[in-house]
Each structure stands twice: as C-alpha cells, then as structure tokens.
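J.: Chain by chain, the residues:
Protein chains: 2
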Amino acid sequence: MDCKKALAEGDGDVDKAIEYLRKKGLSAAAKKAGRIASEGIVDSYIHSGGKIGVLVEVNSETDFVARNADFKQFVHDVAMHIAATGPTYVSRDEVPADVVAKEKEILSAQIAEEGKPEHVVEKIVEGQVAKWKKEICLLDQLFVKDDKKTIDQVRTELVAKIGENVTIRRYVRWELGEGLEKRKYDIAADVQALLEQ
Amino acid sequence: MDCKKALAEGDGDVDKAIEYLRKKGLSAAAKKAGRIASEGIVDSYIHSGGKIGVLVEVNSETDFVARNADFKQFVHDVAMHIAATGPTYVSRDEVPADVVAKEKEILSAQIAEEGKPEHVVEKIVEGQVAKWKKEICLLDQLFVKDDKKTIDQVRTELVAKIGENVTIRRYVRWELGEGLEKRKYDIAADVQALLEQ
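In the order they appear, the protein sequences are chains R and C. According to the working numbering, the first sequence holds residues 122 to 318 in order. According to the working numbering, the second sequence holds residues 122 to 318 in order.
Isolated chain R (complex conformation) (with noise of 0.2 Å):
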C-alpha cells in the first residue's frame, strides 16, 4: 500500500516515489523497488607495480556462466589488454559527435598544414576519422595477446564456446597523477621551460 501511495504521491515519477518512501522511513522499501539484477564479474588488473590501474565489468547471462574459466579468463585479458593500449571508449557508438567534429577540424588543419590540394583534404580525413575511431574504441583494437584478432572477435568466440551472450559493459584506467588539477599558470610554467631547452 505504501507503494501506490508513494507512486500516487510522487504523480508517477518513481524518483520521487522513492524519495517519498524514504521520507517516510520505508527505505527497505524503497531500496528493492531500485534493485537490478545483472550477472557477470568485476575484476582489475595493476600494471607495473602501480603506476596503471584497470576495473573491467564484464556481464554474462547467468551466475554460471560468471563462475566458468573461460568467461574469467576472457575478463582479466580484457583489463590487461585496457592497461596496455588505454582506450578511449568501449564502442563506436559510444563517441560523441562533438568529439568527432573536433577530431574532423584537427585532422583537417594538419592535412592541410602539409601542404595537400583542399579536394583531397576530406577524402583522407574521413578514412583517417575511420581509422582513428577504430584505435580508440577498446571493441575494435587488436588483442593484445593475439593481433590477428579484435576484441570483439574474441568476445564472439568466447560467446560461441560458451552459449551465452557476453558484454564488456564499462571500465576505468587510470594512470598514476594523470588529471591533477594543475592550474593554468604551472602549465604555461612548462610550456616556457619547453621554450628555453
């Protein structure tokens, strides 16, 4: 009953409704009502003592399929294959235009920087957008551990083998101190040290 009322309170918007449980001491509640079922692993891979760092979710179907060697196997290369190359994005789909539109300009200028005829300027950009798109996207990069195959051609075996579908679903990759905020300054700082070699 606290659910209809919780949904009717919040008119439909199931944010609210569990804002509204919460708010009336039915977190239990509310906790079920936003729980999602999802099988697969979580694993990781350190890479050269610490200074490179990979967490790799890989999902399966089944709980089964989750404990199989292969299906292990296939994940803990998936995060040391991200540790080695460092991709940007899983799959193609997942690169937004904008970031496209930019590579396109960048692209463009440094062809035409090298002196090429303007009309042939777009031809080689698209295959050159094409190719960096490939090296960028961790599905289409060639396997670290067997560079006759993608990734997404071993995740295909492994589907086969194994009767179930497989998705490489998200990953991190950090490198030690990358992305620390540096004010503006300190890096025009290096930029003049750049300068003076």
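Please note that a few of the clues may not be correct.
Identical chains blur together in the list; that is why a pair holds if it fits in one copy or across any two.
[As the list claims (entries may be wrong)] Result set (BS3-like, lysine-lysine): computed pairs, CA atoms no more than 27 Å apart in a straight line:
id, residue 1, residue 2
1, K244, K225
2, K172, K244
3, K225, K193
4, K254, K223
5, K172, K282
6, K225, K137
7, K193, K172
8, K270, K254
9, K254, K137
10, K137, K244
The hints are simulated quantities; they were obtained by calculation from the structure and are not laboratory data. Note that the coordinates shown come from a computational prediction; the quantities given were computed from them, not determined experimentally.
Since chain R is already given, all that's left is putting chain C on it; use the hints.
T.: For chain C alone, kept in the frame of chain R given last:
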C-alpha cells in the same frame, strides 16, 4: 618557438595552445606541456569473486615512499575498506551543497513524521546531518580492520611514520550490475510487484 607561437595563437589559453600544436603535428611537445608529475600507487581490491571491485589511487611525495611496504599495506587496506563500507566521498569537503540540502529535507520530513515538535526538528536534523556526513566520507569512517581509529587517523599515523605526506586522491567502487539503465516502466513494474506481495 612553436610553443611561444602556440600560446600566442591561443591567446594564452593552454588548451587552445595544445590544440594548435596538435594541428601543426607537434603532438610530442603538446604531450610534454600537459604532463604532470605525481608519485604513489594505484591499487585494487576484488571482493567475493567479482561481485564488488575497487580501484584506488593514493599519492605520496616521492617514488621511494611509494615502494615502502607500510605505504603499500595502507593503500591495500584502504581499497579493502572501501569495498566493505562503500563510502560516497573521500572527505567532507566534497559533499555538494545541494546533496546536503536534499538530505536535510528528507531527514526533516522523516522526523516530523515521527510526531516530533517543530522546534526540536531542526536541532535533531543538524546532529543527524553531521553524523550522516561522517558515515558517507571515507576519511571519517572507522577503519574496518581497527574500529578504534578513523581512516584519517590511520593515514596520519602513516605520515608520522614515513615522514612524508600521503593523500587518498580518488577511488571507484563498483557492484556488479548496479546502475544499469532501467527504463522507468521497469522500475514501476517492480513497485507494482511489491504491491502485490
């Protein structure tokens, strides 16, 4: 010279200068200009065969300390602690103002619901918000391996022992399957199922 030109072209904006260097094909210089020095290690902890995974970065001042056994033990303990307790932030300063405001609103409603008189609600809420912040912030949490100390106390002891500052910079903690996008009607169906129990 390219760097000076790059900064001039970008009107002193470093991001634009790096973009300019890349366009000119001088990406090696661009990379160097953006490079940041920092020591420490990235470590991970995987719990219960892959149901929970943690990646953590802890910074030290020198690489010498990063290879110290006490430092390494501390980092691994912190990763394990995060897996166990699931903090939301590293420190109290990181809790956003709007998150605090929302929590206050929920707690106020909860306490009012209990029939407490209005003039005591605010006082109780203040106390509960302070307690809540301590619960969700890693540094304030009681260390799972020694609940006489907070994580920050353990960190301070390490700093005193090794004579160098130590910072828990960032972490991620994933539970298998959490946060998978569920369409609203799926959650509504869950709420419906709860109603019918």
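J.: Which of the numbered hints are not met once you compare them with the structure shown?
T.: The structure breaks hints 2, 3; every other hint is satisfied.
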